[in-house]
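Given these sequences and hints, build the entire structure.
Protein chains: 4
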Amino acid sequence: MMKRVGIVGFRGYSGDELLRILSRHCGVEVYLMDHRSDAGSKPLPIGASGPVRIAATADAAKSAGLDCIFLATPADVSMELAAQFLGVAVRIVDLSGAFRLGTVENFKRWYKEDHTQPELLAEAVYGLPEISRDKIAQARLIANPGCYPTCASLAIRPLMDAGVVDLAAGIVCDAKSGVSGAGRKPSLKTHFCEVTENFSAYSLLDHRHVPEVLMNTGLDVGQFSFTAQLIPIHRGILETIYFRAPRINSAAELMDIYVKRYGNEPFIRLYEPPAVPDIASVVRTNFCDIGLVFDPSTKRGIVVTAEDNLVKGAAGQAVQNMNIMLGFAETEGLL
Amino acid sequence: MMKRVGIVGFRGYSGDELLRILSRHCGVEVYLMDHRSDAGSKPLPIGASGPVRIAATADAAKSAGLDCIFLATPADVSMELAAQFLGVAVRIVDLSGAFRLGTVENFKRWYKEDHTQPELLAEAVYGLPEISRDKIAQARLIANPGCYPTCASLAIRPLMDAGVVDLAAGIVCDAKSGVSGAGRKPSLKTHFCEVTENFSAYSLLDHRHVPEVLMNTGLDVGQFSFTAQLIPIHRGILETIYFRAPRINSAAELMDIYVKRYGNEPFIRLYEPPAVPDIASVVRTNFCDIGLVFDPSTKRGIVVTAEDNLVKGAAGQAVQNMNIMLGFAETEGLL
Amino acid sequence: MMKRVGIVGFRGYSGDELLRILSRHCGVEVYLMDHRSDAGSKPLPIGASGPVRIAATADAAKSAGLDCIFLATPADVSMELAAQFLGVAVRIVDLSGAFRLGTVENFKRWYKEDHTQPELLAEAVYGLPEISRDKIAQARLIANPGCYPTCASLAIRPLMDAGVVDLAAGIVCDAKSGVSGAGRKPSLKTHFCEVTENFSAYSLLDHRHVPEVLMNTGLDVGQFSFTAQLIPIHRGILETIYFRAPRINSAAELMDIYVKRYGNEPFIRLYEPPAVPDIASVVRTNFCDIGLVFDPSTKRGIVVTAEDNLVKGAAGQAVQNMNIMLGFAETEGLL
Amino acid sequence: MMKRVGIVGFRGYSGDELLRILSRHCGVEVYLMDHRSDAGSKPLPIGASGPVRIAATADAAKSAGLDCIFLATPADVSMELAAQFLGVAVRIVDLSGAFRLGTVENFKRWYKEDHTQPELLAEAVYGLPEISRDKIAQARLIANPGCYPTCASLAIRPLMDAGVVDLAAGIVCDAKSGVSGAGRKPSLKTHFCEVTENFSAYSLLDHRHVPEVLMNTGLDVGQFSFTAQLIPIHRGILETIYFRAPRINSAAELMDIYVKRYGNEPFIRLYEPPAVPDIASVVRTNFCDIGLVFDPSTKRGIVVTAEDNLVKGAAGQAVQNMNIMLGFAETEGLL
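Quick note, the sequences are listed as chains A, B, C and D, same order. Per the numbering used here, the very first residue in the first sequence carries number 7; after that it's consecutive. Per the numbering used here, the very first residue in the second sequence carries number 7; after that it's consecutive. Per the numbering used here, the very first residue in the third sequence carries number 7; after that it's consecutive. Per the numbering used here, the very first residue in the fourth sequence carries number 7; after that it's consecutive.
Simulated from the structure, these hints should not be mistaken for lab results. Keep in mind that the hints are not guaranteed to be accurate.
If several chains are the same, the list does not tell them apart, and a pair holds so long as it fits within one copy or across any two.
Below, simulated DSSO-like cross-link-like pairs (lysine-lysine); rule was C-alpha separation at most 30 Å, straight line [claimed, not checked]:
| no. | residue 1 | residue 2 |
| --- | --- | --- |
| 1 | Lys191 | Lys48 |
| 2 | Lys48 | Lys118 |
| 3 | Lys141 | Lys68 |
| 4 | Lys305 | Lys48 |
| 5 | Lys48 | Lys195 |
| 6 | Lys118 | Lys191 |
| 7 | Lys114 | Lys195 |
| 8 | Lys141 | Lys114 |
| 9 | Lys141 | Lys9 |
| 10 | Lys305 | Lys114 |
Structure, rendered in structure tokens:
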């Protein structure tokens, strides 16, 4: 039987990508849920009709019989709406940072505001399927991971579990993202003329995605240096991750850690060293690609990982989570 | 003796370009005139100091002894400030559309607001040096031409004066501009993700630069079709201009019209047919480049013209006008 | 039953797009046919295997039991291979210009070489489904249309059939394309640094796609001015088409001509005036979008049309043609 | 008295930039020296004449009375030409890697060919003015530094001299460059469609610029991890440099090391922490900009440095070296 799913925030880049993906999903009907103004809509072709539109309210969700709602909204809106929708028994996948950081203290520190739904924060399940697939299946409320932390965590966690990283030297993650990661709201930072033919670093040592990576990997803050940087492209993330692995003797041995871990994962692709992915490899897919090089004589390793920030880093992963929650094949709509 | 010049609107793209050009000008000292908030300023290097800052008021202009002020401001601000500054005998080069269209009726029709300074509108001199150099030298208030009309007028006027165009068939001007033409104020239209890997037409048959071209060339509205289009680049304009010239027998004969007209112009460069300019040829210069092709058997001609919208299409031409008004060499600061 | 289809030239941009589209097609198995060297291949993920590889020979095509072969090759290669493959009764969709221009004289004039397969040239069917769907169904050899002529012809043909264009004034088609239209072979013209932040016109009054448009529309060369221009984007074409329509009284009346003609076409989308498409509307789709404006007082009209040069302008249209030839739903793999 | 200078390789990006800079230099006359074919030249405007053209031979250099020649050529050509030109007593600034690495063994290891001029290699002075200004003044043959090593060395050397880096943890330099760094010769790697909307890493742990940085800083190979990456922009380099500084207590203290070292350098600009430069800050200038952040609690520091790879990373630095050699003000032509 078809499931009914709603999207709040469908005019943003993640919301638009959700619509694109769900339109190809064989098991769902999509409802667009109007929350704010209609600015920025493109004209429809003559004779075309888009998906059904309903209000972004609990009543409307109940009337429509929605099974799941995606919140592609800012954290403060997500906190408010999640509470309302859960009240009428709809499952939620929230793409904001509202429910990711586990504690109200952590949320306050990184998002500079008070958390208004501490019980939901405690209940929410962090939705990185490759790490916590079982919990996701049982969840009412999914905190969909941040774009940067998704590929950073997928790259680092196996190394940590294998215990091969020299933690005294620490890990450096130099991350680069396309501009859609900054959202669709206009700002000087995303003005075409400020971005084209430029490249810039921001939030150095202070990015709110850092605590997510620490949480997912077990690293502490002194062991992990992270820089976010803006590439003049629409979409895509590439992260270059540096570390030392004193007991490893070859790139093949290092890659083998990933092969053992991710050999059956449908959305992780690995490359024979020294091949590494680029952003073009993953754009418009739900894949996280991982490649690496290693220098046995000095024990230095570099892992390069890439994803589309709007797909595996947002909407694609959100649908992957929905698939697990609602009992669809995990890859439905995503290949 | 050094002249003192002020810039209002120095945080916009045209204002920033004025500062860049005037910093290389050997005859002027620059004053930045604060009119609105300081948003969007970049940090200065340690130990660096920028130009002097004063208020954008008639008093401050008088105290500083300014000889000329550039208004890189919206039309409504320019109307207000031009009146104030002329009251203390400072010459003005206005980069907005406030004083370009000759009559209050024309202004009202295209700018959708009332003109608050009709006497100044009547007095203002349209500052396209290649067409009205003598009047510019005497002016108190220059209406600096629009970016699209500058190269369109420079390309079309010689053909009209030579009487070679088939006016029944009319002239088509297909114009393309970089994003800086839309200004620095953030909007969805200038968001990087909306512009990159895209190309779009806007203001079809209805662009406010059309009446400027008609005024400069003598064409009437039914004889001139114009489309503005957005290229995913920072700066530069290219216009492709189509017409029929029944009495012309070769591309060389057509180019000769331009050579006779512009042979001594310092900022117009012509090419041997069939070479035509591209945008890279003119970026960061004050040149307007012109090339053409012609098919003698069907009498169809195409003129391709290019300029940097921020230089010959705005700040560079403004400085060229100032040079003429203040008695500098016309090319000072511009080569 | 599944059909078997081969791609020659799968490393080029059109060939790669063919593979992408055919991988989603439910009725075909794909064979990559090796014709030249393996340069430029990307590494495959660990454990991945691509499509089957066979030689680009008639024997290999026969052994594999291929039903249809796509030639994404230069015109000289297509002439040679088409003859070989038709000898073993495989249907051909050729994406080059080899079989488009009807006569050996026309081919010689525009492609500067002799046609080696005049019989096949005479037999080939020009594959623009919206104009010649019935002939395509019966064809052995399809000449897939050029990228520029596809949307130019789709935009102009209805106007010509309706007899509304002032032919004395003629039609201007100002066309702009992304860089993939120039192919994947490296050249200075396609070097990133020559293209980024640039925009240039080429082949003025002399583009080899002009005769295709004349053939499809009935215009003669003196009635049609065409300029091709390079946009700094990967893919997409936008064409701005200017004309006069003396008997038309409104934009709605003009659009009605298109609605009547294309109302049931699956791959043409029309817009209510004055909305016009941009390139982002069509990228990665097989749609040709059409919008227009019209000024009743001067009878000037502008039609704006957009397509993805690699899809409706190449690989997508090729699959659309194959669908018609092999009896699939025309939209299979393309929505 | 005017000096006469020649450029070999003037059609490449560095050569073109040399011409641009030297055209503004008040003390030199430029000669373009033809070494290979004339491919890729743009048409000149009617009436324009470019610089004088002579052959790239010792005889022609002697006849013209050249004082200095810039070799913007591949390493093998530079080796051959340097020997010839030094024979007629012309000073050389070589922009290739031919004379940078000190020993024939080092050259062979990283450039995979034999060095044909070992005496010249021994004599050549590495031309990084901020580090070896005095030797440059006396040199006959300058090895102009590589683009990546210039800003990496300027950023790291002061930290090494101050002895503040934890060498056991090492230094990570994550470097990103515009496409012009790959030269003007067309290749698939620099094809617009392969670069736009992409970002890729290359030469991981194996880039030939690594030994230059080691040589300039005193780091050994196990202490320095370097990745080169391609940004879809024309020009500019940004490097993000990670390290630990156990004895440093604040960002201000760290920046003070740079202020003391570079306070009087004309081409190094420093920023108050936490401001860091971006690529737009330095494009088309000879500046190397340096900014930093530091976390006192964990002793992690990040230095961000930016330059234009064609100016401070190539042609600008080459002219700076020429200015020192020929006795001009070091900043002549460069501000």
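Structure-based check of each hint:
1. Lys191 x Lys48: both (16 Å within a copy, 21 Å between copies)
2. Lys48 x Lys118: So Lys48 and Lys118 pass the 30 Å test across copies only (25 Å; inside, 34 Å).
3. Lys141 x Lys68: within (25 Å within a copy, 53 Å between copies)
4. Lys305 x Lys48: Between copies, since 28 Å is at most 30 Å while 53 Å is not.
5. Lys48 x Lys195: both (23 Å within a copy, 12 Å between copies)
6. Lys118 x Lys191: both (20 Å within a copy, 27 Å between copies)
7. Lys114 x Lys195: For Lys114 and Lys195, only the intra-copy Cα distance (25 Å) is at most 30 Å; the inter-copy one is 34 Å.
8. Lys141 x Lys114: within (25 Å within a copy, 57 Å between copies)
9. Lys141 x Lys9: within (21 Å within a copy, 44 Å between copies)
10. Lys305 x Lys114: Intra 39 Å, inter 25 Å, cutoff 30 Å: inter-copy only.
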